[in-house]
Structure formats: C-alpha cells, structure tokens
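Undergrad: Each chain is listed here by its residues.
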Amino acid sequence: MKAGSKLERMLESGNFTVTGEIGPPKSCNGEIVRHHARMLKGYCESYNLTDNQTAIVRLSSIAAGKILLEEDCEPNIQIVCRDRNRIAIQSDVLGATALGMKNILCLSGDHQKFGNHPTSKNVYDVDSIQLIKILDGMRNGYFANGEEMKDEPPKIFIGCAANPFADPFEFRVTRLEKKADAGADFTQTQCVLDMERFERWMELVRARGLHKRIKILAGITPLKSVKAAKYMNKYVAGMMVSQEYIDRLEKAEDVKAEGVNIACEQIEYLKKMEGIAGVHIMAIAWEEIVPEICKRTGLNPRPEV
Amino acid sequence: MIIAERKPIEEILGLLSKHQKVLVLGCGGCVTVCLAGGEKEVGILSSQLTMARSKEERPLEIVQKTIERQCDFEYFEGIRHIVKDVDAILSLACGIGIQTCAEAFPDKIVWPGVNTKFLGVNLNVGEWAERCQACGQCVLDKTGGICPVARCSKSIFNGPCGGSQDGKCEVSPDTDCAWALIHDRLTRLGEVDSLREILPVKDWSYSRDGGPRKLVREDLELESGK
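Protein chains in written order, with the working numbering: chain A, -11 to 293; chain B, -17 to 208.
To be clear, the hints were calculated from the coordinates, so they are not data collected in a lab.
It cannot be assumed that every hint is accurate.
Cross-link-like lysine-lysine pairs, in silico, BS3-like; alpha carbons within 27 Å at most [said to hold, decoys possible]: (1) A/K283 to B/K99; (2) B/K(-11) to A/K215; (3) B/K(-11) to A/K109; (4) A/K109 to B/K196; (5) A/K109 to B/K150; (6) A/K109 to B/K99; (7) B/K196 to A/K101; (8) B/K37 to A/K109; (9) A/K(-10) to A/K200; (10) A/K218 to B/K150.
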C-alpha cells in the first residue's frame, strides 16, 4: 500500500471502484461542500475536489478536503500546475497529508483564459507529468531538489488524468504510459461520451499492458441537455460527444432521464471492459443525481474493504 | 527578430501632451523590418502627430531621425546635438532600444512609441508569430526544433495536454498546439519514440526567474584589451 486510502484499498481489492467529484463554491461557504459531502457519502470511495476549475477562483481544494474529512468522506485533492510553483505545491502536499488527505490528482489545469481572471499570469513551473514525479519522489522521502526529508515522508496515492478524446490519438496512450512511468497509481479519464473512440483507446492501452500498471477509472458524466451535449462536442477542446447520444437526447421526451439512462448503460458496459477498474462520476452542478446512478447500476451499497 | 507594434496614436498624443518640441526617433534594426519603428514609420507617425496637434491648436514641432540601432550606445553619439534642443524623445525602438536611449540621455524624457511584443518570425505580410522566450537554456534538441516554452500556452515539457484537438490549442482555434507540431515533426523524422522520455523539470534560473540576466564573455574582454 502506498497510502492506504480507501480508494487505494478498493482498487487493490479488484472491486469495481467508484469515485465522485465535488466542485467547491465561489465563496467561503464551506456548508455547500458539507452539503454535497453528506449527499454523496457512502456512494463513492473518494471524491475529487477540483482546484479552481476552469480557472475560476473557488474555495481551495485542500480546505474543501478538510471539510470532507470532517464528514467522514475521503477526499482526492486535485492540484493543477497553473497557479503554483514547485515550492508552493510541495508545501501544499505536506499540508494536505498532515491533515489526513491521502489521494492527490495531478493536472495541468485549464488555461486562465477560460476563467474569471484572464489577465492573470500563469505559473507552469512544472507540468503534470513532472508533478507526478515530484509527488512520487516526496513519498519516497525526497523533495523536488533531491534533498532528503529528515522526517517521515508523506503517504500519497497518486492520480492523474487521461484524455482519450484529445489529439494526437495514439500519443494519448504514450502520454498515459509516461504518467505511469512517472509514478501515477491511478488515472481518471475525461468524460466518456464517445464509447467507440474510448474502446479504440483502451485497445491500445491493453496492447501496451498499461492497464496492469495503472488503475483506470472511466469518466462518466450524465448529459443534462441537448444544448450542453452539442456545446461540449463543438466548443470544448478535448471533449467529444457521439452523434448517437445527441440523437437519443433529441428524441427523448425527458432529456435528463435519457441522460441518466445513457450514463447507466455506459457503466454497465464499462464494468465488463477489460482493464477498467471503475468509474469516475463527474456530475458537477448535478451532484444529486449520483445516488440514483449508483443505485441503478448496482454500485450501491459499496463493498467493505 | 524582436517584433513590436506601434502604440495607438491617442496614447502617444497623451504621452506628448505637455511637450512643444520632440524628437521622433526610429531604429534601423528589428522594428524597421517588422514595420513598427523604422524611418518610414517615423515619417507617418510624425505627420499624424503634427496634424492632430494642429487641430487642437497646440502645434507640436517634430524632429525626425532614425539611427542604425538603438540597442547600441555608439549610435546615439551622432544625435546629441539634436537631443539637446528637444523637450523629449519618442523612441520607436523596441523596449531594449528605448531603455538604451534613456540611458544614453539621462537628463531627457524618453517616451515609448511602440509595444514590444515578442521574439518571433514573419509568417506573411502583416503576420508575425512568437518563436522564442529567451529562457536561457535551449531545449530545441529534444523537441524537434519546435519550442514548447514559447509556443505551448502552458510551456509544458511533456505535452500535449488534454486540450489539444485537431492540432489546435485549447486557448484558441487560431493557435497551433506546439506539442502536436512537435509530435508530427518527430513522427515525420522517425523519432517519435524519443517523446516517451520524461523531460525533467526545467531549471528556470537561466530564465528571467533567476533575476535580470547579464552575459559576460571574458574571451572578448581580453581580446579588446579591457
């Protein structure tokens, strides 16, 4: 065990694993985080806490993680490379682990152009793969400069993202391999909204045996509207929504219900896919739907580990 | 080459509002090539300024001059007699030239007439693009001759990030993804497997992050007998 988190134990047990996501609010109102934690408690092994997602200032992921711990929910702290240099990141890693957080997810971060402070300066002192390597070094007792820690190293279960829907397609597999080489233990993929492309990517992943080196959780996002689906497909870089899903939503009488149907079918399908260790359900601004999806797909109650 | 763009006329008029006589000083280097601050642009800007100030009934006397380079102290020597008689200098050189000019004339106000944009290349008539950030430690050997520091929006070393689609950057459909370019070029060269290596964290101390940089070459100092 690297950190002994619930997430790590569930993945190691071989049970189909479920992670969720909570987006901290644009305020200091921690009760919003607490509310979502209570709503989702018991449905997932751990919950990602986004780090100023889409470059919009929000309550910090580590502070939100502390609230989750108080609610007996396991946090998965996201760290993006956009806003902090290696000094600040390592300091935050020490701080988060001191507070009892064990899962950390390493990301590049959305460019600040998309956020509410587009005139800010970005950092990118290190990139997401280098960040994984830094965290791996830290849990082995070394700072990024090679200096040996004088005290007990932080115990971290290291995560990363993978995006099978970005380009160049084949290189996406190499990039996951680099993340595994750097020390990542698990990966959560971008929302799978084009199963055909995802399957092609997984074939390449399996061909390189990567699924045996890194636990892969497929991203699930229930679609809420036709407009959102079309927008993601057309305007969000690195996202794809298959025409099949768009057609289904367009024909549906109850679009939201059809979105949930699609998500549930995807989960059932992914359960049988070789190399898939679980799902990462991202229902930002629709958190209340997660329990229903988990119950319908037999992912609730969760096994004990 | 250093790419610059002339400041808007309104801004320049604002800078010069309290002066009666100024020297509009062009540079024969990069800004001449990128059509921002050479002899021709000095002429055009001077006419615009003269006209605008006449309209305001506050005439502005302008002396026009373009020197070989404003990033070398020696070229300022020949214009000392002109500078003596003006209230201020409007330099159309890049940021380096403007500062050298101010250093050459410590008692004279020197205004910037251009915005220095980047180190780049001329792609087409009226189109320039950034190519180098002068980070101090070149990595082009590892990236197929395409710079991730200057050309990736996130300056990452192990790209492309998840925002690369159809060869374009997430920041704008008009921006090429540098890592897609690197990937494609190395594929063409049969070297794409080299990208499986993790490029280590960069030593930014060679870049601006180490503080203002200075280069001293002792071999040249010795040669010159200093």
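Undergrad: Run the distance test for B/K37 versus A/K109: straight-line Cα separation, threshold 27 Å.
TA: violated (41 Å)
Undergrad: Below or equal to 27 Å on CA atoms is what counts here, so check B/K196 against A/K101.
TA: violated (33 Å)
Undergrad: Decide if the proposed pair is consistent with the structure: A/K109 and B/K196, CA atoms, cutoff 27 Å inclusive.
TA: holds (24 Å)
Undergrad: For the pair supplied as a hint, B/K(-11) and A/K215, confirm whether the alpha-carbon distance does not exceed 27 Å.
TA: Since the Cα atoms of B/K(-11) and A/K215 sit roughly 42 Å apart, the hinted pair is violated (cutoff 27 Å).
Undergrad: Take a quick look at whether B/K(-11) and A/K109 sit within 27 Å of each other, Cα to Cα.
TA: holds (22 Å)
Undergrad: For the pair we were handed, A/K109 and B/K99, check the Cα-Cα distance against 27 Å.
TA: Holds, because 16 Å separates the two Cα atoms, which is no more than 27 Å.
Undergrad: Taking only the CA atoms, is the gap from A/K109 to B/K150 under or equal to 27 Å?
TA: holds (22 Å)
Undergrad: Quick one, are A/K218 and B/K150 close enough, alpha carbons at most 27 Å?
TA: holds (19 Å)
Undergrad: Are the Cα atoms of A/K(-10) and A/K200 separated by 27 Å or less?
TA: Distance of about 16 Å is within 27 Å: holds.
Undergrad: Does the alpha-carbon distance linking A/K283 and B/K99 stay inside the 27 Å limit?
TA: violated (56 Å)
Going down the numbered hints, you'll see the structure goes against 1, 2, 7, 8, while the others check out.
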